[in-house]
Each structure stands twice: as structure tokens, then as C-alpha cells.
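Colleague: The chain contents come next:
Number of protein chains: 2
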Amino acid sequence: MLAKSSTELVRQQNSALVLSALRRHGRLAHTEISDATGLASATISSITADLERARIIEKSEQQATVGRGRPRVLFSQRRNCGYLITVIISSDLIQYSLIDYAGTLLDRFSEPRGEGGTAAFLAAISAGLERAVERSRIDRGSVLLVSVSSKGLAHPSEPVLVWSPVFGSQPVDFAAALKDGWHAKVILNNETLLVAGALLERQVKTQGGGEPVLAALSLGHSIGLGIARRVAGGVPEISAPNFGHMLHMPNGGLCRCGARGCVEAYAGFYAILRAAFEVPLDTIPAKFVPVAEIDKIAARARQGNRMAQLAFRNAGAALGYGLSRLLSLHGHMPVFITGPGTRYQDLLQAGIEEGLAQTHVVRLGGMPGLTVVPDEPSLVFEGHLNLAFSIVDQDIIGSRQSMQAAGE
Amino acid sequence: MLAKSSTELVRQQNSALVLSALRRHGRLAHTEISDATGLASATISSITADLERARIIEKSEQQATVGRGRPRVLFSQRRNCGYLITVIISSDLIQYSLIDYAGTLLDRFSEPRGEGGTAAFLAAISAGLERAVERSRIDRGSVLLVSVSSKGLAHPSEPVLVWSPVFGSQPVDFAAALKDGWHAKVILNNETLLVAGALLERQVKTQGGGEPVLAALSLGHSIGLGIARRVAGGVPEISAPNFGHMLHMPNGGLCRCGARGCVEAYAGFYAILRAAFEVPLDTIPAKFVPVAEIDKIAARARQGNRMAQLAFRNAGAALGYGLSRLLSLHGHMPVFITGPGTRYQDLLQAGIEEGLAQTHVVRLGGMPGLTVVPDEPSLVFEGHLNLAFSIVDQDIIGSRQSMQAAGE
DNA sequence: ATCTAATTTCTCGACTGTCGAGAAAAAAGC
DNA sequence: GCTTTTTTCTCGACAGTCGAGAAATTAGAT
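Residue numbers (this note's numbering), protein chains in the order written: chain A, 2 to 409; chain B, 2 to 409.
Since the hints were derived computationally from the structure, they do not count as laboratory data.
Quick caveat: nothing in here was measured; it's all calculated off a predicted structure.
Since the list gives no way to pick one copy over another, a pair counts as held whenever it fits inside one copy or between any two copies.
As a list, the in silico BS3-like pairs of lysine-lysine whose alpha-carbon atoms are at most 30 Å apart:
1. Lys60 - Lys5
2. Lys5 - Lys186
3. Lys186 - Lys206
4. Lys186 - Lys60
5. Lys206 - Lys5
6. Lys206 - Lys60
Sequences and hints are given; from them, build the entire structure.
Modeller: Written out as C-alpha cells, the structure is:
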């Protein structure tokens, strides 16, 4: 069923539009907002007045005026309107970042990821969040959103990790990490989903468009994939399919997930290690492989060692076949490769292309663009900010009380 | 970028809401529309008055009033507001249906699909369309939409068949089938996409909800797949990925598409034939296999013939592995199996389940629901109507002239 | 035959929103 | 000090939704 519309929703939508223009371009003047949003000047006056009264945005201190005419009044988000904490979970560390409403990074620290079960893990995160607010002397209640990312499968609507390399199918509910005194909403997303979102937003910013859809492939100990698509409504649609554990080969090598023949069981770091040393494919996979170990194999491969070369080539082929299936089921799209595994791109490339080349989609639409994007951590952080602020802004605008009561 | 909103769009949205309620439930009274849409009674008055003035809806002739109180006034679409033609292309026939704006089928006929290239094909369709309007003495100009369906890959936005079993990658632009005097828009969709859309709408109607996503799998000479998803906005999102030509097995059997190892090259009718007779897998596939031929193989399989059994089982496995990949990349969802191939479900089932069972998604989310839905043709037609009328209604409402000028 | 209750449709005024035009503000140049 | 230029702000017109209650119309009671 379609949703009904009303004049209030119109104002909400257009307020969101103003706020998102401010996010994208930073400080803007009245006229600039009007240009960016397409709304009439009078409408901008009305909306900015509302937002200012609600203490969501503020007029920046005057900067040196340039050119003649009435000086511009720049608007920007009120820094202490609220805060955002991002929690980036990787295999060995948990990184916490505190960001104010204007998007400025206030604090960042990492803590080693301890051993133990999900309870201990959640307790550690809970402590980390407490530490984050205490270090900056910020009221817990003013944290609007905690944005968590991890590898693995996130529940589509709840902040629950449905499957992860570390805890398997034992669910982890991050909502439980917030104790009393916190009012923040908690969201959880797959890491590579955020990367895909960040890449799409970068495209919008630089080319003002470009292809409307892309995939991000993260190579490392595990294999991550995110898809981002610009869709009619305006809000991009991002998802993180279970690519790493899609079937590559029936009855194939044993994977960390317990299944057989997953893509990861051929292309993950542990799989490359296994293949290079000709360990039987049903060997229980290594919990963790230091990058140095794979570097050694890569060095041998680059020196001509056949077995090492084959390990990378097969890994590439698993990825290529997997990508060909991705393109078959999601349509043709460019692929951006990121993660620690990109340093072996020279050894993987041939296999990837071989795997891709056979399929009908590729024969029809051509080889998809394969671009290596090295700096995964900043993409993840960017993705966090994009997604988190769009949610925070939506929530703030949605709660009409804040817009009206604050005006008293 | 988000889209800007305005009060006019609000009216558009709500008018569409009223029209879609009318589509779903048939004739409705003022109060019923209000209940169905959630709009205030006064708003319904205003909108229905507009639509009536624009000659889009009309008050039905009074029917026997029941119960006391002021008698209801029922609204329904004005039949001759415009017409819709559906063109359903199958391997041997082309079926034309003429439907009025109220959704009543006025005429239907089929013509054999001739030989020849794309030009001859388009000319035949052009003639078929002419015949459709002439038989019912309808003005070409009052046909609002021609909705075409076919197997194969449709262009995402244009009515162009990008790949089809018959014409291969030679594109067919159905817009060219309309000559002078026609103002209709032409849309083209994959047949199984329409099936998926129809199944989703049926779920909405009966259960008022149910799972928000499903897949339709059509088994026949070729393999079709459609995905339908209820999404926040209200308009369902339907797509037809290139499932049949997704890679099933690297360097596998030759497919009609020219690639090797496609799902279809193992699960299509010609593939079952090839496997049952132990013809080498790189044999050029048969253009067309009569169902009777496959029936014979099925009979032999049911009588215990090993080779025939294996042919079906391998076909099932190709489908099962393919579906497991679908679930990996699109999330867990129930699958509805349709098409002529459903009559061999008993022989395919085991293979399908075997192929599905191995994967991570299935181990996590359980075996997906597999439901056989026999009557594919009516699903296709239903899908045509759903999609076509939602577009027609949108267009009619969108063209503001019709709403205002008609009031003179 | 008339009155009352029930039910539905229609209308009015209040409210919220967008927009265009032009007034007001404020700095730079002459 | 006046003019030009540029930006912001304000006003009134217009479009839309909503709640309340009036108007319409029938069934049943008296």
C-alpha cells in the first residue's frame, strides 16, 4: 500500500533536504541552500528559521565578506546539538570515534579485542562507550546514535549480528551494550556495506552522478561485499549480501562457517595459505593468519613458485566466478576492490578476469570496471558518517516536538 | 540527492492512493475510500471531485441500498477513460489482450509467432496491435499503454529486449512497433518478473502482508527468475535477474546463449534432453523441444530408468545451487516454482534440495519455502495488469492538464 | 403520516505549507 | 553621500489537509 502524504511531511522532506545540503557542502548561505535544494528563497527562510529556533542549526560567525552587496549569512549545524559514536570492530581491535553534530571528530581511541564469549564482548563495548563519553565529558543522553560496524551478517532491521567469523551463528545484540543513562539508537552494519555507501557518495560528489550502482569487494581474512545503488527516491539503497559464503564449488573446501565450498574457503587469506601449502581442503581453517604469512607466499609467487602462484590464481578465480554470479543476479556494475588483500592484486587479477570472462552477462555487457581502492579504513569511517548522519538528521526532523517546543 | 516536495505532490500522491484503493477493491464508497487510504473524509471529497471533473472516475449507477442512512455513492474508474493492451510473447504464440480502464478484458486473441528476423517480428506485432484496436473499434489514440512481456533480458528503462532466446543479443525495440496515430507508451518486462509481482500482490491481498520478499522460478525450455519485494515507499520493487544464464559450472555444458555452464544448460528442457540421451555437453542445443519429448523422459525416469532420473536430478541440482546463490546474494526468501516444468517437480525436488542444503544461508535460515504454483499464464496476465495500471494511473494523475483543463 | 435514529456525504473555516515579487539590509564603488 | 550590487527577509496569493458539524436520505418506530 502506498503511504499517505500531508503538508507536514512536505516540510519534513524539505527540511531534510536542507540539512543534507548542509552535510554535503558544509556551511552554506541562504542563496546557496536555495540553489542546492531547488527550493524557493522564501521557503529557505522559513525552514532555516524553524531549524534555528529548534537549535539544530546556527548562523556561523561572520567571515571576511568578499564582493559587494549585503553580506552572506552562513548556516551550519550546531555542534553540540548532539553526538555520534562510531564503533569499528575488526579482528584484533575495536576503534571508537566520537563525532559532534557538525561532523567534527572529537576523539578516537582503540582497544584490543579480548577473548571470551559474546557477553564479555558486549561488556567490553559497553565499557568502551562509557570511556568515550567520559574522556570528552559529554552527557550520555546527548549521544544520539551509536553506529557499529563489523564483518559478518547484520540483521536487516535490528542491531544484531546474525553471523560473524568470530561468534558464528551465536547472535550478538548490540542494543544490550547501552546501559542506563543512554538514549542513543544503535545501528549495526556490515563493514563493506559502509564502504560501498562511501564510494557511491564519493561518486556523487565528484562526478555528480556517474554509474548509479556499484559493488565494493573487500579482500582479507574473510571476503566482504557491499552493493550501493542510487534509487529514485534519493536515499541510496545499500546492502551487504552474503557473498563470502556463497557457494563457489559444490562439495568444495571446508570454510570457517562450517559449510563447504564457500567463496571465502578459496579466496580468504586462510584459504590461500591452505592452498599454497597443499594442505587438504577439509582441514579446519586457521583462526587467524598474520598478513606477513601471506606476504611470504606472495613473495614466493612473484619469484616464480608455481604452487604459490596457483594459490592466488585459484583465489582470483573463486572471486571472478563469484563476481560473475553477482553480476548475473544484480545486473552489470563496476567493482571496487579494497581491503588488505589488494596488495596481491597483481597475483589475483588474472584469476578474477578468467572467472568473469565466461559468463553471459560479461559477454553481453563487457568486463566490469575493476578498480583498486586501497584505503579501506577511511572508506569505512566515511560510510559510517554518511549513514549515521542521514539517520540522525531524519530522526531530529521527525520528532516534531523538538521543532516546535524549542521555539517557546 | 533527495527530491524536493511540494503541496502539489502531496495531492498527486494522495490521488494515486485513492486510485490504487479503487484498483484493489473495485467500486468503493466515500467512507470506504477514507478507511482504505487513511485520508480524512473532507480530503476524499476534494480528490474524488477532482477526479470526477477530470473524467477519470465516475459515480456508479445506484445499486439496491442496504441498511438505513443516506445511501452510499460508489465510485469506480470510467471505463472509456483509456485502454491497455497486453502482449504476451511465448515461444510459439503471441497473445494480445485489450483491457479497458476499469480492468475489464474486452478482447483477446493469439497469433502464431512467425519465422524471420527482428524486423519481421516487430512488423507482426505492429499488425497485431492494429488488429486489436480494429476488432473493438477503438481509437488508437485512446490506448494509453502497451505492456509487452517476453522471456529474456529487458532493458531496465527502455522497452528494448536486450537478449532473448530467439534473437540472441540482437536488440528488439518494441517502441518501433507503434506507427502513427498511436500515443501509447510501451513497456517491456520479463515474463517471470510479472509472475513475481503478481504473487506478491496476491499475498498482500490475502494475508495483508506476509513475507516482504519472494522469488518466482519459471521452469521450461528456458529458466526464468523474478524477485518481488515490498519496500518502504509502497510501490513494490520487482526485478528479473539473469538467473538462467548465471554460471552453474565453470567450463560446463554449452548453453543456447553461447556461454558455457549456465544454469539453463543443465536445467532447461533441452538440457534435460541432452543429459538423458547422453549427448556430449558441447552439442549445440536444440532450438525447441516439444513438451511431449520431456514427458517421455519423465515417464522413463518414473519407471526407474537411471539415466533419465539422473538427468532430472542434475537439473534439480543446478537449480538448487543456483537458488542457494540467489539466497546468498539477495537474502533468504521463499521460492515459488511455476512454468511447464512443474509437472516434473517430483523428479527435480531431490536435486533442488540437495543443491540448496549445502550453503551457509540455508544452514542459517533454514530451507526456503518451495511452493509449486501451476497456472503460470494467469499469473503473467495478473502481473501485466498490476504493473500496467499502476503506471497508467500514475501517468494520468501526473499530467496536471487533464486534472484542470477538463474542469472547464 | 410523521417523527426519530442512523448513516453517509458534503461544506466551512482553521491550519500548514510553498512560491513569486518586491521591500529591506548592508557593503563596495564612484 | 549617493548609487549599484547582492543578499536576506517579508507579505500576500495559492494549494492542500483536517476536524467539526451541517445537510441529505433512508429505515424503522409511533
